[in-house]
Each structure stands twice: as C-alpha cells, then as structure tokens.
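Number of protein chains: 2
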Amino acid sequence: MRFTQYQAFSRLEQLAKTPVDLPAELTPERLTSMKGEALGLKLLYGTERVSSEVMEALQALSQESRALDCMKAMQAGEHLNRIEGFESENRPVLHTAMRDFFEQPNETPVAREAAKLAYAEVEKLKQFQPKMASFTDLIQIGIGGSSLGPEAIYLGLEAFHLPGKRVHFLSNVDPDEGAKILRKVDLSKTVVVVVSKSGTTLETLTNEAYVREHFLKVGLDPKHHFIAVTGKESPMDNPAQYLAAFYMWDYVGGRYSATSMVGLVMLSFVLGMNPVLDFLKGASHMDKVALENDLSRNLPLLSALLGIWNRNFLHHPTVAVIPYSQALSRFPAHLQQLDMESNGKSIDRQGARVNFETGPILWGEPGTNGQHSFFQLLHQGTTVVPIEFIGFAKTQYGEDISIQGTTSQQKLLSNLFAQSIALAQGQKNENPNKFFSGNRPNRVLLGSRLDPYTIGALLAYYEHKVAFQGFIWGINSFDQEGVQLGKKLATKMLDLYTGKSQDFPLGAAYLKPIAPGRC
Amino acid sequence: MRFTQYQAFSRLEQLAKTPVDLPAELTPERLTSMKGEALGLKLLYGTERVSSEVMEALQALSQESRALDCMKAMQAGEHLNRIEGFESENRPVLHTAMRDFFEQPNETPVAREAAKLAYAEVEKLKQFQPKMASFTDLIQIGIGGSSLGPEAIYLGLEAFHLPGKRVHFLSNVDPDEGAKILRKVDLSKTVVVVVSKSGTTLETLTNEAYVREHFLKVGLDPKHHFIAVTGKESPMDNPAQYLAAFYMWDYVGGRYSATSMVGLVMLSFVLGMNPVLDFLKGASHMDKVALENDLSRNLPLLSALLGIWNRNFLHHPTVAVIPYSQALSRFPAHLQQLDMESNGKSIDRQGARVNFETGPILWGEPGTNGQHSFFQLLHQGTTVVPIEFIGFAKTQYGEDISIQGTTSQQKLLSNLFAQSIALAQGQKNENPNKFFSGNRPNRVLLGSRLDPYTIGALLAYYEHKVAFQGFIWGINSFDQEGVQLGKKLATKMLDLYTGKSQDFPLGAAYLKPIAPGRC
Numbered sequence: 004m005r006f007t008q009y010q011a012f013s014r015l016e017q018l019a020k021t022p023v024d025l026p027a028e029l030t031p032e033r034l035t036s037m038k039g040e041a042l043g044l045k046l047l048y049g050t051e052r053v054s055s056e057v058m059e060a061l062q063a064l065s066q067e068s069r070a071l072d073c074m075k076a077m078q079a080g081e082h083l084n085r086i087e088g089f090e091s092e093n094r095p096v097l098h099t100a101m102r103d104f105f106e107q108p109n110e111t112p113v114a115r116e117a118a119k120l121a122y123a124e125v126e127k128l129k130q131f132q133p134k135m136a137s138f139t140d141l142i143q144i145g146i147g148g149s150s151l152g153p154e155a156i157y158l159g160l161e162a163f164h165l166p167g168k169r170v171h172f173l174s175n176v177d178p179d180e181g182a183k184i185l186r187k188v189d190l191s192k193t194v195v196v197v198v199s200k201s202g203t204t205l206e207t208l209t210n211e212a213y214v215r216e217h218f219l220k221v222g223l224d225p226k227h228h229f230i231a232v233t234g235k236e237s238p239m240d241n242p243a244q245y246l247a248a249f250y251m252w253d254y255v256g257g258r259y260s261a262t263s264m265v266g267l268v269m270l271s272f273v274l275g276m277n278p279v280l281d282f283l284k285g286a287s288h289m290d291k292v293a294l295e296n297d298l299s300r301n302l303p304l305l306s307a308l309l310g311i312w313n314r315n316f317l318h319h320p321t322v323a324v325i326p327y328s329q330a331l332s333r334f335p336a337h338l339q340q341l342d343m344e345s346n347g348k349s350i351d352r353q354g355a356r357v358n359f360e361t362g363p364i365l366w367g368e369p370g371t372n373g374q375h376s377f378f379q380l381l382h383q384g385t386t387v388v389p390i391e392f393i394g395f396a397k398t399q400y401g402e403d404i405s406i407q408g409t410t411s412q413q414k415l416l417s418n419l420f421a422q423s424i425a426l427a428q429g430q431k432n433e434n435p436n437k438f439f440s441g442n443r444p445n446r447v448l449l450g451s452r453l454d455p456y457t458i459g460a461l462l463a464y465y466e467h468k469v470a471f472q473g474f475i476w477g478i479n480s481f482d483q484e485g486v487q488l489g490k491k492l493a494t495k496m497l498d499l500y501t502g503k504s505q506d507f508p509l510g511a512a513y514l515k516p517i518a519p520g521r522c
Numbered sequence: 004m005r006f007t008q009y010q011a012f013s014r015l016e017q018l019a020k021t022p023v024d025l026p027a028e029l030t031p032e033r034l035t036s037m038k039g040e041a042l043g044l045k046l047l048y049g050t051e052r053v054s055s056e057v058m059e060a061l062q063a064l065s066q067e068s069r070a071l072d073c074m075k076a077m078q079a080g081e082h083l084n085r086i087e088g089f090e091s092e093n094r095p096v097l098h099t100a101m102r103d104f105f106e107q108p109n110e111t112p113v114a115r116e117a118a119k120l121a122y123a124e125v126e127k128l129k130q131f132q133p134k135m136a137s138f139t140d141l142i143q144i145g146i147g148g149s150s151l152g153p154e155a156i157y158l159g160l161e162a163f164h165l166p167g168k169r170v171h172f173l174s175n176v177d178p179d180e181g182a183k184i185l186r187k188v189d190l191s192k193t194v195v196v197v198v199s200k201s202g203t204t205l206e207t208l209t210n211e212a213y214v215r216e217h218f219l220k221v222g223l224d225p226k227h228h229f230i231a232v233t234g235k236e237s238p239m240d241n242p243a244q245y246l247a248a249f250y251m252w253d254y255v256g257g258r259y260s261a262t263s264m265v266g267l268v269m270l271s272f273v274l275g276m277n278p279v280l281d282f283l284k285g286a287s288h289m290d291k292v293a294l295e296n297d298l299s300r301n302l303p304l305l306s307a308l309l310g311i312w313n314r315n316f317l318h319h320p321t322v323a324v325i326p327y328s329q330a331l332s333r334f335p336a337h338l339q340q341l342d343m344e345s346n347g348k349s350i351d352r353q354g355a356r357v358n359f360e361t362g363p364i365l366w367g368e369p370g371t372n373g374q375h376s377f378f379q380l381l382h383q384g385t386t387v388v389p390i391e392f393i394g395f396a397k398t399q400y401g402e403d404i405s406i407q408g409t410t411s412q413q414k415l416l417s418n419l420f421a422q423s424i425a426l427a428q429g430q431k432n433e434n435p436n437k438f439f440s441g442n443r444p445n446r447v448l449l450g451s452r453l454d455p456y457t458i459g460a461l462l463a464y465y466e467h468k469v470a471f472q473g474f475i476w477g478i479n480s481f482d483q484e485g486v487q488l489g490k491k492l493a494t495k496m497l498d499l500y501t502g503k504s505q506d507f508p509l510g511a512a513y514l515k516p517i518a519p520g521r522c
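Protein chains in written order, with this note's numbering: chain A, 4 to 522; chain B, 4 to 522.
These are calculated hints, taken from the structure and not from any lab test.
Please note that the accuracy of each hint is not assured.
Identical copies look the same in the list; a pair holds intra-copy or inter-copy alike.
With a straight-line Cα cutoff of 20 Å, these simulated EDC-like cross-link-like pairs (lysine to aspartate or glutamate) come out [as the list claims (entries may be wrong)]: (1) K235 <-> E106; (2) K220 <-> E402; (3) K187 <-> E161; (4) K437 <-> E92.
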C-alpha cells in the first residue's frame, strides 16, 4: 500500500486542517509531558504543533506502514536496498552490524556474519595501534560519507583528543585544498588514510596520487605511510602499495559508514581505542532502542514521525538542525548528506512516482551563532522552518566562567530554551515589525554531555530517523542513483579537455568563457 | 505600490504558467548568449527557466519598482533602514562608503563624510601595522556579522596569508569553544580583536572576559593585547582597556560590515595592507556596477531578478550556493546571514503584511563535495532547489597534478559544468530510478581566480543582490527586529538561573530535564 492510502494518512490530513495553536496552548505541563527518553537523551516536543490525537494518528501511521518490522528486517540483513521489478543494487543494509558486539547481538546468520567480520577489523585495528603511534598527523583522503561523518565526529570529540595528534580531511578535487594541507604537515610524521569502497572514486584517487607524489618528492616511500580503507579485492586492496588495508563492505552505504573502518581508523589515531569502543557502544545501544515498540523510548521513530507531520501534513519544505554546541559545528553537514542523499527520491520501492513530498532540505549551523545570523527568517520570514535543537547539560572541557551571575554554559542553554519558546509562542505587538506569529514548530534533543558514547548514540539516532521515514514513505533510502548523471556528463567534459571526444556541444559552450586569455 | 500590483508582476505570473522546458530548449547557443559580465566575472544563466519574454518582464519589474533608484539612494546615504509610520531604526545604509576611496566616489555630503571617516580608519590601520607585527596569532571575538563574513574571507584568501600568522574566531558563548582555542595559542604572542558595535553583545563580552581572565592568569596585561572594534563612545571605546580602538558606525549593519574595520583589522594582520586595499577596490568597483542600467553588466541586479523569478513565480522555497572552490567553504554561511537576516521579513516598508514570499532559505556547501552528499536530492528529490554555482578558471596556489590527461582544476570545472547541464537537461530512462526530470534551474558565476580583488567583488555582488531583492519586494533589508524576542526570553531564563525572578514558568519547565542528578 502507498503512503497516501493509509487510513492514518487521511486522518492526519484531517487533523492538519486545524493544527495546535501553540501561542494559545503552550503550557509548562505540555512542555514537561511531551517527551521521549532513552540512553540519557531526552526529546522534548511540546513545541511541535501536535496534539494527542495527532500523536495517536502518527503512531497508527507507523503501524500501518510496518515501520518497526522494516527496521527489524534491516538490522537482520534483508535486501532492503532495492527497487522491486527494476535493476537496482539489491542488497542488505547492515551498518548496524558494524557495532553489534555488545548486548543482545542480532541472531540472524547474515547479520551475525557481518558483525563477526566487522569485529575482526576492530581487533585488527587494535593490533595496529603501535604502528600509528609515531605519527603526529593523519590525512584522511575520502569524499562524501568517507569525509563528512568522520569529520563531524572528529570535531565533536576534540575535547577528547590525544595531545599532539592532528587530522586533516582532503576530499575536494580542488587542487588548492591539497596544496593547503600539504603546507601544514611534516610528511615524515604523517600517515595517510585513503578511503574508497570501490577503490575507483575519481576525487579520492586523484588526491591520493597528488599526495603520493609529494611523499616521493621529499624522498619518502608512500608504502610506509599509506593505509587503505576499501572493499576486499578492490584495486586498493594491494599490500605492495599500503602499510595496511582495512575492509568495508557493500552492505554499508557511504553515508552510514562512520562506525565502520571509514571512521574508526582515524578516530583510533586521535582518541585511542577505548573511546572508539564507547562510540560504537553508544551507536549500538541506539540500534536496539530503534527496535522498541514504546514510542516514548524509541527516539528515532518519534523524531521520524514528527518530521513526517511537518513535511507531509504541515507542508514545510526544509528542516534545520541547530546544535547548541560548537563542537557539533559540522554535524549538520553530515546529517545533510545522510538525510538528503537517503530520502531525496521521487519513486517508491515499486518504481512508481510518488504523489507526496519525500525528504526535506536539511541544513543548520550551531547556536548561539545562528541567532546572530539566519534566525531573523526563522522568527519572521514567510517560509516556516521546523527545527531540531540539540543541547547538553554539561560542558566537555569542564572549564567555564561566571559573568553577571551565570556561567557560559547556562547562557548557552538559556538561549536554546528561549529560542524554542519564542518560536513556538510568538509575541503580539502593535508595531508590525515587533510582531511574531509564533507557531513555528521545533523540538529539543537534550543530552548530559557530548562524549564518545553520546555522539555514537546521536549518530545512530539520525541514521534510524532517516531510515524510518524512508520505510513510512515506502522509498529506498539506501541507494543514490541521482548522482550518476552528473558523473557521466563530467566524464564527457573531461573528454573535451583531453580531446578524446568532441561529442558534447553543451559542455563545449561552457568551456568558451574560461578559455585562456579570455579571463 | 506593492510588489503584487506591478504590471510586470501579472505578466510574470502569466509567463510562469509555461516556463521554458530546458530539456527541449537547452542549446549551446542558449548557453553562450544568456550571460552577464563585469569586472572579470561572468554570470551564465542559460540553465535558468527563463525566456527572452521573461527577461523583459523582469527588467520591467525592476523599472516599475525603481530598484536602481533605490540602489542610488542607498549609496547616497538616504534613510533606507526604516519602516514608514512606525518606530524603526530610521537611518542610512552606508556599507558602500566603507570602500568608496577609488574611482568616481559618491558626491553626496552624507556618503562623502562616511567615506572620509572610513578612510581615516584605514589610514590608522596602516600606521598600526608595526604594532601587530610581533604577534603570531590573532583571536577575533565577535558573533554574527563580526565573525561569519570575516571568517569566510579569511579562509577564502588562505593562499595569500603571510607565513606564520594564524587567526582563530571565537563567537559562540559555548565555553568549550573558548577552552579549545586557548589550548592552541601562546598568549604572549597573541593579539585579540574584540568586535561589537554597541559594546554590549552578550556572547562577545562574555568571551572577552573569559579570554582576559586567561591573560591575567599567565601574568600578561590584556591592555597590551586587546584591540576594540566598536562604535565611537561605546563602553568598549576605552583606552585604559585596549591597545587601540578602531571605529564602526550605526549605518553599517553587522552582516554588511566585512569591508569595515570588522574585517580589515584581522585581514591586515594576516594578509598585509596591500591585499586589503585590493579587496576594498573589488568591492567598490562592484558598488559602481550595481548602479549601471545595462542588465548584462549589472550582475547583482541580474542575479536578484533571476532569484525573484525562482522564488515568487516558480515558487521554490530555497536557494543553494555551491562554490566549486574549497577556499569558499564558509562563504555560504556568510551569505546565509546576509540573505536570510536581510530578507527574512513578513512586512513591507509601510508596515503592512506581505502577500507574497520574501527571502528564501539559503544554504550550501562546496562542490565537488556536495555531489557526494546532498546532490541526490537536487537531481531526484521532490522539492526543486535553484542553485548558483561559483567557479574559477585558475587555481590559487598554481600547483596541480595531471592524472589521466587532465589536471585537478579541469576535473573540478568539468564537474561544475556537468552538474549545471545535468540538472537542467535531465535524462529519460525506462528504469524510473535512472530517470531525471531536468528543469532544475541553476546559474553559473565564473571568475578568473579567487584573489583579494575578486573576493571583494563577490562580497559586494551578493550584498547588492540582496538589497535589490529587498527594494523590489518593498521590504526593509537592513533591520533585524526578529532577533529581539529570543534575546528577551533568554534574559528571563538567565533570571531563573540566578534566582532574580521566577516569572517564566515555560522556561522553568525546560530547566527540569537538565537539573543536576537528572542526567
């Protein structure tokens, strides 16, 4: 059955005609009662435009669409990455197996085998640690999921870094980026982690060649400095070229790969192994939470349903994620890939065009910074933007200053809560420029402290939110056919440059304005 | 007259019923003929869904709304920051005067006086250079416009940095951010630039106090390390506390202040004075371009009109800016503030509620990175996202590598052009997952090389694009009343923390989940 054919869909459309009027209905009781909680994370959603009727209908929607069964099937290793009746990747989706080494491991043979293989890589990484100890700098070469998730977590845990260790991320094929990074490192003390599942990603191979050339220039043998993270038997799985190879599998999509060796080699370098295990444990615990029936515990499902309410019934085209934590400055960039590459689709699992909106545009920057930037539009713009705020009770470093009777952390949280209330409640005023409509939906995800365990849980929370939305919409959240056309045309452009083919007149038209001597 | 009452508005609504079908109409001739050009920048818009009729109607819209007259009035110092009939800031908007020292300076007394004052600060900064020479690190403390624009330009020009100079931006009140930066610098060699026009910004004063305390802790006198950038006679204009004070004025809004001392003190530290003057010259030249009648020269007006077509007639809620230049990685964050804080408004200049959409949600990340992230949604999502690509013919460092017959810079540009064409043209396919609808509007802004002059021109190009859209919509792009309510409620929250007042039950409800011992 299609999304729009569920009974709950009609019920929700009905309810959306008169959504909760927050300026009238926002009370302390509402704020304290509308919440979910698991693993020390609380999701407070009293500032969403939902009533108990809406929540019941959303839960019915989740039941009709069998969202929990799909999550179970995913974690069990069923072939959820496919389009029925058409050629597609047709394979399991098993990023959860990358961390399924703790309590209650999945019992199905496919998932078990994947977890076993993943754990072997973790053990290999543990043994490998002494070989990385002498390096001070690590360059991670990889793009998309091989860069965004790992970098977001690297920055998120900077307070936990081992002293004297630095990581640089080289993803863009822009040659200026490589030139800049190479100016900053002593290559004799640098290890390079090259990440590409297929071993054929254009940007990554180009940057690898560029950096290898620089090692050779200064008389260093790249073989003693380069590590491959790749699929077994890919062109990069080549002991003659690399100090070591760590493996990834085709059942782990790039945007879901931060808990695989894609993230862990780099994280073990900068954090050591124990925090890496905490990080995996946090993610794994959230995987189990995502299987629970109780919506007040199953935070990813709760968040997915609230998102669907905002997207499909209140018709908001975007969603902002605003962490009140500077350490999470690049976390929205990771979520942008995770969400938009997964759910930016127009066909369902049967290959039929959808007749409803799928994944929203996800964007965001940290607060309080955003308050001094784009929050004007959030409060008074003509397009309403649903927001998920993220905050933590305690600081990471445990250092703070008290000014005018409050600490900076208290100021940070006060701003977060104030924004949540201001957006929901608005303000009447006779001066139209001081009038705030309110009814701008938002929720608050609160943790105790941003540590390795919590960031692991946070990562998995969003992975499963995205997957749940895909299950409910009935789309395939695990492929990315939409990136192929651009790749194909880029190859044609390159053929123009090399003179291999002139068969791309539109491309040739673009080359004229940048021909030498013209600018 | 209101936006929706212009004759051109009706004509455009009519034309928008059958917009150009790009898969059918995209030709090399279209790509080469639909362009604007000024100051070495080319704006190619053959991949927008516009016909010559649409372009004529857009030009008529610009004439009916007297957009060019408003731009002239703005640069002449008229009180454009106001809402008629209501209390408002009611003052001139003169960021253009901050750089009006080159050809054809504005002749009106107000603008002339502002330029004279600004130039005196530039001269002061020149004289001050030797005093900064001994420092290796600079911490810029400021938030919003005092951080986003300056940081975007700092990163944009990293290839031009003086050796051994580093800058750190401390904006967020999050105490972990200060703790992190202080671990990275030797305070004895660090100069601190504190930026606040009013001298009262909460985050900035808190971070200043935090950093001052650390100087005192290691026995250093902050007076020899701290520079104020502030309004004359603000609480920060205090020679007893600062090594020097540089001035800014209330007719330069935060988001328009990068070419004032807000950006220049820091930029002179890291680049030296001559590149700073080139930067100002690029911006000033674009200010003059923005006054020109010829739409094929007036790039900011051209871009503004194309944006209005996409926003108000094709009804796209967001716009993405995708620079194919890693150096511009934070430029979209600056543009996000510039655009959304300026035009995220719901009332017009007469205080009446608008009956049309104003500023879109602006977001973006560099390409090619984005291709491996959110481009899936751009190609196949259900919400269409208009895009402005930015690219440059040459690299900054002049270092590159040739792999498979092409350089990285050629690969970078090939990807940019390929994306532009792929989004516009789409692709038919019997497999629905390999089907691309096309008709996804985009344009390409091409420069020769990202240098100080060009980034100045780019900055002003976007400032004036935003201002033109505000003029055409008839809204005030220069205030930000929408940020006040959150500030007010944050103060109430802080009063809860200090026990000064309990009069905020909604805030108290939020404090419970983070009370000590609860998480």
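### Task
Tell me, please, which holds for K187 and E161 at an alpha-carbon limit of 20 Å: within, between, both or neither?
both (19 Å within a copy, 12 Å between copies)
### Within, between, both or neither: K437, E92 at alpha-carbon 20 Å
between (53 Å within a copy, 12 Å between copies)
### Task
Measure nothing new, just compare the shortest in-copy and cross-copy C-alpha distances for K220 and E402 to 20 Å and report within, between, both or neither.
Between. Shortest inter-copy distance 14 Å satisfies the 20 Å Cα cut-off; intra-copy 44 Å does not.
### Query
Is it within, between, both or neither when you check K235 against E106 at 20 Å Cα-Cα?
neither (28 Å within a copy, 63 Å between copies)
Going through the hint list in order, the structure does not satisfy hint 1, though it satisfies all others.
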